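Working from the sequences, and respecting the hints, build out all of it.
There are 2 protein chains.
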Amino acid sequence: MWDNRVNELLNIEYPIIQAPMAGGVTTPELVASVSNAGGLGMVGAGYMEPGQLRSQIREIKMLTSRSYGVNFFIPADFRISKLDFDLAFNRLQSVRDELNIKEEVLVLPDPKEDQVKFAELLDVIIEEKVPVCSFTFGIPSEEVISKLKRKGVILVGTATSVNEAVMNENAGMDIVVGQGSEAGGHRGSFSENGGDHLIGLMSLIPQITDRVSIPVIAAGGIMNGKGFIAALCLGAKGVQMGTAFLTCKESGAHKVYKEAVLQATDSDTVLTRAFSGKWARGIKNQFIIELEESMVPIPDYPIQNKLTSKIRKAAATENDSRFMSLWSGQSPGLAKDQTVKDLIRNIVSEAEEIRASIGGTGIAPGSI
Amino acid sequence: MWDNRVNELLNIEYPIIQAPMAGGVTTPELVASVSNAGGLGMVGAGYMEPGQLRSQIREIKMLTSRSYGVNFFIPADFRISKLDFDLAFNRLQSVRDELNIKEEVLVLPDPKEDQVKFAELLDVIIEEKVPVCSFTFGIPSEEVISKLKRKGVILVGTATSVNEAVMNENAGMDIVVGQGSEAGGHRGSFSENGGDHLIGLMSLIPQITDRVSIPVIAAGGIMNGKGFIAALCLGAKGVQMGTAFLTCKESGAHKVYKEAVLQATDSDTVLTRAFSGKWARGIKNQFIIELEESMVPIPDYPIQNKLTSKIRKAAATENDSRFMSLWSGQSPGLAKDQTVKDLIRNIVSEAEEIRASIGGTGIAPGSI
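As you go down the protein sequences, you meet chains S and C in turn. Note that this note's numbering gives residue 349 to position 264 of the first sequence, counting from 1, and the numbers run on in steps of one. Note that this note's numbering gives residue 184 to position 99 of the second sequence, counting from 1, and the numbers run on in steps of one.
Be a bit skeptical, because a hint or two may be false.
[To be verified] Covered stretches of chain S, going by a simulated chain C footprint (3 or more residues, C-beta under 8 Å):
(1) 212 to 218
(2) 244 to 254
(3) 262 to 274
(4) 280 to 294
(5) 317 to 327
Hints in this document: simulated from the structure, not taken from any laboratory. The model shown is predicted, which means the values in this text are computed figures rather than measured ones. We treat Cβ as the ideally placed atom computed from N, Cα and C, and that holds for glycine.
As structure tokens, this is what we get:
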């Protein structure tokens with residue numbers, strides 16, 4: 086069970102993947118630090134423009150010669166009436182007022198734009214010879230998969246249920262990430278509502294590994310050597326960690342955001358659609374409470390995401406955590422302000438200690 | 086970390102506790118089989134009358150000379166207006182009609198009755214010299230705790246958050262069960278709404294063990310040796326398993342109920358207040374759907390529990406799973422129809438295999 090399939094596929098030393106957090110957290114410095122420390126650094130390119138992605142990749146290549154990856158959101162069709170759009174826009178006026186954001190004229194987003202941008206982003210992957218590519222909110226088309234595979238890109242899918250993991254394997258993914266209910270940020274769900282079926286890793290991983298033969302990576306609430314080795318015991322071949330890297334010195338997360346995570350406890354996170362229109366886990370704050378109490382329905386992703394974009398930016402500029410998205414998994418109590426190198430070193434050494442102690446004494450004095 | 090504190094405290098061979106499932110599942114045969122196989126069998130006495138508990142304990146003593154335990158629900162104060170009670174009663178008329186249950190005259194339950202019964206149940210524990218006692222939905226009074234401790238009863242609390250675990254330790258519990266969001270049946274939450282803060286075991290256990298010094302037992306989604314050893318890696322000193330024992334041959338669960346669990350997948354369970362008024366995880370069925378769609382508010386526990394009692398019984402008599410409570414954790418895909426002895430033997434041997442393979446090869450080829 087302790088095979089090195091994931092290390093070989095991803096060309097890394099430890100099966101520790103830094104979760105691709107979108108929205109500025111995964112700076113080239115963070116990504117390269119993770120790869121240099123023996124894990125897999127990943128760019129969260131969910132909201133990026135092609136030019137921006139290309140320049141980040143080039144920066145990463147200057148900082149490391151090791152393997153790294155890029156994550157994309159699979160674009161989805163969406164629709165909204167002018168009336169609902171205006172309602173949702175007006176709902177946020179009080180927040181814009183509080184943050185002194187001038188009234189803006191917003192045009193209804195066009196689903197085709199996201200499709201075009203996705204194709205351009207994939208061209209960047211191929212042109213820049215990115216070694217690993219992962220996907221959230223769905224599975225790319227057959228055409229995209231075979232094109233990337235021909236170019237030797239290793240493909241990683243995301244699943245929040247056994248069914249989604251099987252779909253990923255059937256589509257030809259090389260690896261699948263099993264995202265437990267503990268995970269921070271967006272639910273990767275695509276075959277169902279992301280707010281349903283929040284399956285904890287203790288249930289999710291052994292049920293997925295019973296059904297797929299590609300390597301499974303455990304994601305959600307894993308912060309240290311205990312979680313790492315527990316995930317391997319459950320049948321995972323590696324782990325993906327977000328919150329643990331988020332508070333690292335190299336992460337691009339806002340100071341106020343890092344501080345909020347470092348102060349939070351196990352009971353402080355909630356699932357919300359308030360910021361983006363998709364279910365995501367973060368620390369409960371005023372923005373979430375206000376939108377949950379409101380009667381105005383929250384539009385689907387990416388509409389709500391566009392509607393709240395200026396608000397989140399302005400709040401960050403003002404160091405105002407009340408209106409920022411404070412994504413976090415359910416283990417903020419284990420988050421530390423440390424370097425990436427120390428985090429990975431600590432994981433590996435704690436895991437080695439546990440291994441030694443497991444190997445040393447028996448589980449029980451007798452046998453049945 | 087692989088100490089035997091739990092085995093010593095509970096006087097058992099393996100730190101494997103059979104979860105105290107109320108409602109007829111934990112027959113003396115099941116409890117005694119678990120204890121005879123080296124684990125801790127537990128009676129779910131949540132709904133029992135004192136006489137019924139005494140006779141079950143006496144049966145268990147005839148079937149095993151080993152340690153066992155009894156679980157209680159901490160009685161809570163409750164209040165309901167006659168109007169809300171009648172609304173909730175009338176809401177269920179269509180279900181009673183479908184099951185041919187004759188209209189019954191129900192009196193408003195009296196919170197004092199539950200308090201009196203709880204005291205009588207505790208007397209049974211002391212008189213019958215029950216070795217282990219666990220509690221759900223709260224922490225007993227100081228008086229109760231010191232009385233039981235003087236009699237040498239080992240006390241086990243239940244926590245769904247770090248905060249609740251600390252409260253259990255401060256109150257003098259010997260052991261605390263950390264119930265993850267994966268767990269089937271009732272949420273043990275008492276300091277907050279059981280539908281909030283559904284913390285997965287991967288997050289819950291390491292955060293609890295960081296904060297308390299009493300041994301922590303992991304509960305939720307654990308079905309086999311993988312889950313058992315993963316829980317120990319996270320810092321737990323043992324596991325408590327419900328669904329895994331529920332489908333065992335010795336369990337008193339209804340045939341239709343066992344079948345439903347054996348057929349279910351990871352995505353089939355939901356949290357609901359429909360059956361008892363307290364949040365609990367079970368397989369989604371018609372009763373849950375009907376009550377969720379209804380506009381009539383579901384009364385708190387134990388009122389709703391009384392209101393649905395005849396319905397659940399009649400449905401069981403008719404083998405009609407549409408109206409039965411089908412409690413299950415999030416790992417029904419790993420449930421098996423087997424004997425308790427085989428279940429425990431398989432857990433221990435799978436765990437030993439994992440230990441051996443962990444001990445054998447390194448986590449990673451290099452080091453940093």
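Evaluated hints:
1. 212 to 218: With 0 residues in contact (Cβ-Cβ under 8 Å with chain C), the coverage given for the segment 212 to 218 of chain S is violated.
2. 244 to 254: holds (count 3)
3. 262 to 274: holds (count 3)
4. 280 to 294: holds (count 11)
5. 317 to 327: As far as the segment 317 to 327 of chain S goes, the hint holds, because 4 residues have Cβ atoms under 8 Å from chain C.
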